[in-house]
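Asks: Below, each chain spelled out in residue letters.
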Amino acid sequence: MKSAIIIIFVLLLVPATIWGQEMVIDTFYAYPNPFSCEDILNIVLKFTGQPHTASATLQVFDQVGDLVNTIAEDRQVTSNIRVKITWNGLDENGERPNPGGYFIRLQIEADTGERISEIYKVVYLEVSK
Amino acid sequence: MKPQSTITLLLLCISLALPSQSSAYVGGQSDLFYGASGGRPTALGGAYIALSDDSVGFNYNPAGIAFITQHHMDFTYSLRFTEGSDFQELSYAGPIPPIINLGASLERLSFGEVEWRNPGGELVGSYTSSNIRFSFGGARSFFGIFSLGGKVSYERFSAADQEDSHPDISIGFQLRPGADLEEGRRGNFCLAGVLYGTNPLQGSFGASFTHDVVTLSGQVDAITEGIYHLRFGGELSLIDSFAIRAGLDDSSPTFGIGVKAGGISIDYSYAYKELGTIHTATLGFVFGPDLTSIALKKKRIKLWLQEGKYHLQVKNYTLAIERFENVLSWDEENYEARELLQKARLEMLLEERGGLLEVGEYERALELLHQAKDLDPQNKRIDGHIEATLEAIRKREWTYIEQERIWELYAQASEQVRRLNLYKAVGILEEILELDPDNSFIKDRLKEVRLKITPVAVVPTVEITADIISTYEAGVAAIDAGRLNEGISLLEGVYSQVGGYESTVSKLSDGYFYLGLDSYSRGRLREAIGYWQRILALEPGNAQATKLIDKAQKELAGME
Chain A
1 MKSAIIIIFV
11 LLLVPATIWG
21 QEMVIDTFYA
31 YPNPFSCEDI
41 LNIVLKFTGQ
51 PHTASATLQV
61 FDQVGDLVNT
71 IAEDRQVTSN
81 IRVKITWNGL
91 DENGERPNPG
101 GYFIRLQIEA
111 DTGERISEIY
121 KVVYLEVSK
Chain B
1 MKPQSTITLL
11 LLCISLALPS
21 QSSAYVGGQS
31 DLFYGASGGR
41 PTALGGAYIA
51 LSDDSVGFNY
61 NPAGIAFITQ
71 HHMDFTYSLR
81 FTEGSDFQEL
91 SYAGPIPPII
101 NLGASLERLS
111 FGEVEWRNPG
121 GELVGSYTSS
131 NIRFSFGGAR
141 SFFGIFSLGG
151 KVSYERFSAA
161 DQEDSHPDIS
171 IGFQLRPGAD
181 LEEGRRGNFC
191 LAGVLYGTNP
201 LQGSFGASFT
211 HDVVTLSGQV
221 DAITEGIYHL
231 RFGGELSLID
241 SFAIRAGLDD
251 SSPTFGIGVK
261 AGGISIDYSY
271 AYKELGTIHT
281 ATLGFVFGPD
291 LTSIALKKKR
301 IKLWLQEGKY
311 HLQVKNYTLA
321 IERFENVLSW
331 DEENYEAREL
341 LQKARLEMLL
351 EERGGLLEVG
361 EYERALELLH
371 QAKDLDPQNK
381 RIDGHIEATL
391 EAIRKREWTY
401 IEQERIWELY
411 AQASEQVRRL
421 NLYKAVGILE
431 EILELDPDNS
441 FIKDRLKEVR
451 LKITPVAVVP
461 TVEITADIIS
471 TYEAGVAAID
481 AGRLNEGISL
491 LEGVYSQVGG
501 YESTVSKLSD
511 GYFYLGLDSY
521 SRGRLREAIG
531 YWQRILALEP
541 GNAQATKLID
551 KAQKELAGME
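Protein chains in written order, with our numbering: chain A, 1 to 129; chain B, 1 to 560.
Hints listed in this document are in silico derivations from the structure and should not be mistaken for laboratory results. Please note that the accuracy of each hint is not assured.
What follows is a list of derived Cβ distance ranges for each label pair [as the list claims (entries may be wrong)]: (1) V44(A) / F134(B): 36 to 44 Å; (2) D111(A) / T277(B): 27 to 35 Å; (3) I227(B) / V44(A): 49 to 57 Å.
Rough simulated footprint, nothing fancy, chain A against chain B, three-plus residues with beta-carbon under 8 Å [what the hints assert, rightly or not]: (4) 77-86; (5) 155-166; (6) 423-434; (7) 494-500.
A virtual CB, placed ideally from N, CA and C, is assigned to each residue, including glycine.
All chains should be modelled from the sequences, with the hints used to inform the complete structure.
Replies: Quick look at the structure:
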């Protein structure tokens with residue numbers, strides 16, 4: 001009887017502590033912000049929780065909601081490991097966008113299909129800061 | 001060149017000169033403000049350059065404001081994707097006759113609070129970012145169906161401690177075949193094009209189609225070489241004050257509703273984009289007098305008069321009245337329209353009166369005639385119609401009373417026949433025929449009853465039997481006892497067989513005499529006369545009967 005209770009306790013506790021820890025975006029920012037055509041925008045991201053690895057997608061949208069560029073697509077990232085991805089500030093056609101605010105959306109997707117996302121705002125300036 | 005044309009061209013020239021001053025925007029991205037204005041345009045997926053004829057449409061296609069005839073003012077607020085990111089716009093468009101229609105707008109696209117990070121990645125604070133744009137322009141229509149418009153904008157972008165500003169231009173056209181017709185019959189097709197931006201110059205081309213309660217619109221925005229943005233929208237407006245909308249902004253679905261009443265409108269839209277959702281609401285006002293251009297008014301007035309005359313000719317009075325009223329709404333002093341309107345109303349009333357008379361609605365017909373008389377007090381024709389209608393009413397009432405009386409008398413006559421009071425029945429039936437001389441039914445009945453009464457003038461020669469004698473005696477006894485009807489019936493039987501046997505004739509005359517007196521005393525003069533005439537049939541020289549008949553007939557004449 002005693003051993004049965006221990007087994008049930010372990011079955012309930014272990015997934016919650018080890019396998020069941022929720023995937024959370026821990027760090028997500030970009031610098032320099034604001035940035036200009038002379039800069040490379042550095043985007044830093046980190047997620048925690050399970051699973052251990054997941055794929056990350058970074059996309060830039062303008063204020064109208066139109067896609068400007070996809071910076072990274074299905075990049076493998078590891079839990080608790082900071083990743084830095086850079087963007088040269090150009091759109092899909094290799095041209096400079098208009099000065100203004102832009103949304104960078106990070107989506108992290110696990111193999112199970114679980115997906116989390118976050119939006120970060122950056123401003124692009126035509127002139128040097 | 002006319003001053004109006006000069007001003008239009010001047011405006012366009014200023015607009016065209018502006019690109020050389022602008023170099024700030026070099027990217028290939030779409031205009032940040034484009035597709036943001038207005039709850040209605042955004043619900044239609046931004047496909048608005050061929051629908052634009054209000055102040056929110058000014059930023060889509062300035063040419064559209066050439067067709068507006070009243071002042072429009074709209075306030076738009078839009079929540080975009082994330083907290084702190086929103087859009088606000090105050091726009092105006094209105095007619096300034098006779099030169100040009102003007103439009104202006106002030107827009108603010110706020111990006112909200114942004115993290116400020118230095119090149120080392122350290123967080124050093126936060127800042128706000130926004131784009132503010134002021135636009136001003138005008139548009140003019142040509143021939144009532146084509147319009148050309150332009151606007152100049154000044155946009156200021158600020159973020160952190162940086163600012164940037166630049167001018168911008170937009171030039172557009174709309175072609176609306178049939179736009180010179182009145183509301184409800186306007187051309188339902190529109191072609192439109194717009195050029196905007198600076199370097200590179202971007203463009204849009206679109207079309208819209210309206211049929212009854214449905215409006216469809218589509219356009220393609222050529223953002224840069226090889227990149228196109230497609231927009232489609234549809235609107236369903238089953239009643240004037242309410243519309244539902246849906247659209248596609250490239251691949252993003254949009255939805256919306258709009259309500260309007262008394263010059264105030266509220267439009268809401270919901271756009272689902274890959275990045276998130278956009279909620280947009282617009283509060284709009286339309287105010288001031290209708291200032292449709294004088295040239296257009298003259299053209300429409302002429303057309304309305306022509307159409308009104310045609311409808312009057314083919315007796316389509318409702319449409320004729322509508323056309324003449326349209327003319328008078330714009331030109332109160334138009335004598336011709338006033339005359340024709342009165343004529344159309346009069347004819348419509350008379351036609352309606354005719355229909356009412358057919359179904360026996362005389363009082364309503366008379367009412368309409370009095371309305372017609374109010375319209376034209378001197379019209380003798382209406383007087384004639386009133387007289388005729390009054391006569392019809394009188395006749396109908398008289399006919400009704402007459403019928404009642406005939407049925408009453410016929411019931412009495414039938415009763416008398418049943419009681420064998422045939423002479424009485426004859427008198428009653430004759431009275432009916434005086435009321436209704438053509439009543440063939442009564443004529444037949446009278447004939448039948450008369451046949452039952454043996455003609456007094458014909459006396460066949462037969463043998464006097466014991467039965468006849470006993471009948472005679474019973475008849476005399478009945479007369480003497482005052483049972484006049486019984487006695488007369490028996491003695492008439494005797495008379496029909498053997499003629500004036502014994503005192504048959506005198507006793508019959510006595511019976512007729514007293515029955516006549518009885519009827520006379522009850523006021524039934526015709527009946528009384530009928531009895532006394534029977535006496536004369538038996539005894540043509542009976543002075544008393546002649547005198548009584550004469551007296552009764554005079555009284556009858558006096559009564560009539």
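Asks: Each of the hints needs a verdict: does it hold here or not?
Replies: Each hint tested on the structure:
no.	hint	result
1	V44(A) / F134(B): 36 to 44 Å	38 Å, holds
2	D111(A) / T277(B): 27 to 35 Å	28 Å, holds
3	I227(B) / V44(A): 49 to 57 Å	31 Å, violated
4	77-86	holds (count 4)
5	155-166	holds (count 5)
6	423-434	violated (count 0)
7	494-500	violated (count 0)
Hints 3, 6 and 7 from the list above are not met by this structure, while the remaining hints are.
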